[in-house]
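2 protein chains.
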Amino acid sequence: MSEMPKKSYGELCPPERLLLGAGPSNVDPRVLKALGAPIVEHLDPYFMEVMDETVELLRYAFKTENHITMPISGTGSAGMEAAICNLVERGDSAIVCVNGFFGGRMKEMVQRCGGTPVTVETEWGKPVTKEAVADALSESEAEVVTIVHAETSTGVLQPLKDILKVTHEYGALLIADVVTSLGGCELNVDELGVDLSYSASQKCLSCVPGLAPITASEKAMERIRNRRTPVQSWYLDLSTIEKYWIENNRVYHHTAPILLVYAMREALRLLYEEGLENRWQRHTKNAEALICGLEALGLKMHVEEPKYRCPAITSVKVPEGVHDKDIRATMQEQYNITVSGGLSDLAGKILRIGLMGVNANEQSIKLVLGALESALKKEGYPFKIGSSAAAAIESSSM
Amino acid sequence: MSEMPKKSYGELCPPERLLLGAGPSNVDPRVLKALGAPIVEHLDPYFMEVMDETVELLRYAFKTENHITMPISGTGSAGMEAAICNLVERGDSAIVCVNGFFGGRMKEMVQRCGGTPVTVETEWGKPVTKEAVADALSESEAEVVTIVHAETSTGVLQPLKDILKVTHEYGALLIADVVTSLGGCELNVDELGVDLSYSASQKCLSCVPGLAPITASEKAMERIRNRRTPVQSWYLDLSTIEKYWIENNRVYHHTAPILLVYAMREALRLLYEEGLENRWQRHTKNAEALICGLEALGLKMHVEEPKYRCPAITSVKVPEGVHDKDIRATMQEQYNITVSGGLSDLAGKILRIGLMGVNANEQSIKLVLGALESALKKEGYPFKIGSSAAAAIESSSM
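Quick mapping for you: the protein sequence lines, in order, are chains A and B. Add 287 to the 1-based position in the first sequence for this note's numbering, that's all there is to it. Add 287 to the 1-based position in the second sequence for this note's numbering, that's all there is to it.
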């Protein structure tokens, strides 16, 4: 190793960005403080208390009394994989609703579990209809339906009530991806009767990325406990993770990412202090104000019907003649504001602006609109005379 | 939710423990500082630089030039699952060396991947022999062998050279679990020719738990790229994760746990500054001093032959008439020192004392010996007249 030239690595010095894209959102300072608290072992009595409180607070966030409610030690995609590989067994078929990028990912995961996905394809920007799901259920033996509550790739908020109704009529279980909705958009797991849902730490919870909260109903756990074969993933098997996270005997499973759990508890404590419904209202109000400002700039929303727009993430069409990459580069380089572009077929066609968690506030809106207006001007975008997003916001209901 | 009694959740206030168990180790203050640096997006140009440097530094830690060297977004067990589910395909058989708890876990993971494990069982506390592996290889069609380099459950450091020789003679690939050895025990991935190995962030790297560094040789990657079927785990598929972590095009896979990567880079920077070989020597020297002190207390090592003792973790027999749980409780409650008990068949029979990363120092040794001596006295353990661990340490070569 002595021959190796001793390259120098400097101290970490990241730019201070305002993260108004598809996630992660900025981390609340209180969460950062918790993240730096003294580490204890994963079986320390103190950590057991932290785990118990985290579980209680997660139940509050999901509005559920589900016994099995805990964070998976991985990112949102690990949560997705946990949901699918626990409920879909080799040889099973599953209805997969695909109206965006993440629905597509679920389809691939069903396949990798040895399942057969029966897709209900819907235009990227529109919600899935209950009729389409009912048709698929009537024509297949599927006992599981998967759907994305807040499609981060399109900005669509999917109504779940009717989908759940038909799913349950056919005796199937529903997996709902609530990665971008948990803690930001109305979601009542128990009242709706969602069977299994998972989220991510870094969206509306404004926690650090790396954890995937998950909650499973007793009906879902029964299916898992009665599987013909073990869950193909040892790491994501809910029936063994629960013995560490939930049961009283605390059987060692893996070393939990202790400091991330500290951070999650603090993020949830912030949510609890604000109140879940207040948090939803804050997200809704701010999304409306943002849209008001974007429309004042003459921009069009990708999700046409307002009732299907997700309060946590707004997708706006890139005007003709303007390159989204240049817009985003200007916003990031000149204003330190990160927004996201479109994925797959929507690349270059939409910008995605997220107002999640701590970032769902008036200041973020003003900053992002100002930066966007300036970036659009630089690209020669023809503003209507007198259009000013900031003025529109001022006169909105904020 | 208004009916819900508003329970109060206090500020996080963990005890300040000295973590001298099987891991996690304490986190270096510089790593904690990096963990709190401003978050940027997972596709931010700044984060790309951080990723590149982290990959370079991981190659330094593994002593490898393997192109595919990166942290998996999960704990050490996710690294284990990634290794196995990428290399073992449904219908394959794999030789699994089991001489401790984690070898057993590998066996289970092979089964969950649809593979058939052919176990080479060895007493818990002894290394696996090359003859046993050769026998297993000669009697099976297995193309993969798995082994644990540092068995955290027993304290055995497994020599890899001869095992690799026979494995390669039979044209098979070796997966080595280096969870507890990376950055603390001699390991030269390229010189040895290890095909795939994985570790964890929270052991000798003294980073935060939640990441699993992994490195795969070109031969291993070739096997992965030529699989008959896709890797059953979408989340852990190395051939797609590499497109985000390693390739120039940076294809979005999942949202990396950004702050954990910051922390990992800083932990590796500390390693790089100290020098890998210096780090190994520090761990060896301190483990020897610890053993010297333990023997002065009249205690016996679980791993009889000194050359098979892992410098990062020392397993010591619990003397007769003494209850390990009481010992550990006293050490934790009265001295804020965490040590580990035995797992499975070794429960109650051994204590495991880890000197990993920042904790591999003289002060830790003195503190743990003092606390242990006191806890043993409380249990009525009959000390030889004049035995004093501290004095033994003073007179050792430290």
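There may be inaccurate statements among the hints.
If chains are identical, the list can't say which one is meant, so a pair holds when it fits in one copy or spans any two.
Straight-line Cα separation of at most 25 Å, DSS-like style, residue types lysine-lysine; simulated pairs [stated by the list, open to error]: (1) Lys604 - Lys448; (2) Lys452 - Lys665; (3) Lys587 - Lys293; (4) Lys506 - Lys594; (5) Lys320 - Lys293; (6) Lys413 - Lys604; (7) Lys320 - Lys604; (8) Lys665 - Lys604; (9) Lys293 - Lys604; (10) Lys350 - Lys587; (11) Lys294 - Lys350; (12) Lys664 - Lys320; (13) Lys587 - Lys604.
FYI, nobody ran anything at the bench for these hints, they're computed from the structure. Bear in mind that the values here come from a model prediction, so they are computed numbers and not experimental data.
Report task. Tell me, please, which holds for Lys413 and Lys604 at an alpha-carbon limit of 25 Å: within, between, both or neither? Result -> For Lys413 and Lys604, only the intra-copy Cα distance (15 Å) is at most 25 Å; the inter-copy one is 65 Å.
Query raised in the report: For Lys587 vs Lys293, is the C-alpha pair at or below 25 Å within one copy, between two copies, both, or neither?
Result: neither (53 Å within a copy, 43 Å between copies)
Query raised in the report: For Lys587 vs Lys604, is the C-alpha pair at or below 25 Å within one copy, between two copies, both, or neither?
Result: within (6 Å within a copy, 71 Å between copies)
Report task. Give the relationship of Lys604 and Lys448 under a CA distance limit of 25 Å: within one copy only, between copies only, both, or neither. Result -> neither (29 Å within a copy, 59 Å between copies)
Query raised in the report: When no copy is specified for Lys664 and Lys320, does a C-alpha distance of 25 Å or less occur within a copy, between copies, both, or neither?
Result: neither (40 Å within a copy, 40 Å between copies)
Query - Up to 25 Å CA-CA - Lys293 versus Lys320, copy category - result: Answer is between: at 24 Å across copies they meet the 25 Å cutoff, but 34 Å inside does not.
Query raised in the report: When no copy is specified for Lys293 and Lys604, does a C-alpha distance of 25 Å or less occur within a copy, between copies, both, or neither?
Result: This pair counts as neither: shortest intra-copy Cα distance 48 Å, inter-copy 43 Å.
Query raised in the report: Between Lys665 and Lys604, at a C-alpha cutoff of 25 Å, which is it: within one copy, between copies, both, or neither?
Result: This pair counts as within: shortest intra-copy Cα distance 17 Å, inter-copy 72 Å.
Query raised in the report: Which holds for Lys294 with Lys350 at a C-alpha limit of 25 Å: within a copy, between copies, both or neither?
Result: between (52 Å within a copy, 15 Å between copies)
Query raised in the report: Are the CA atoms of Lys350 and Lys587 at most 25 Å apart within a copy, between copies, both, or neither?
Result: Result: close neither inside a copy nor across copies, 34 Å intra and 53 Å inter.
Query raised in the report: Which holds for Lys452 with Lys665 at a C-alpha limit of 25 Å: within a copy, between copies, both or neither?
Result: Neither, since 50 Å and 63 Å both go past 25 Å.
Query raised in the report: Between Lys320 and Lys604, at a C-alpha cutoff of 25 Å, which is it: within one copy, between copies, both, or neither?
Result: The answer is neither: 38 Å in one copy and 40 Å across copies each exceed 25 Å.
Checked against the numbered hints above, the structure violates hints 1, 2, 3, 4, 7, 9, 10, 12; every other hint is satisfied.
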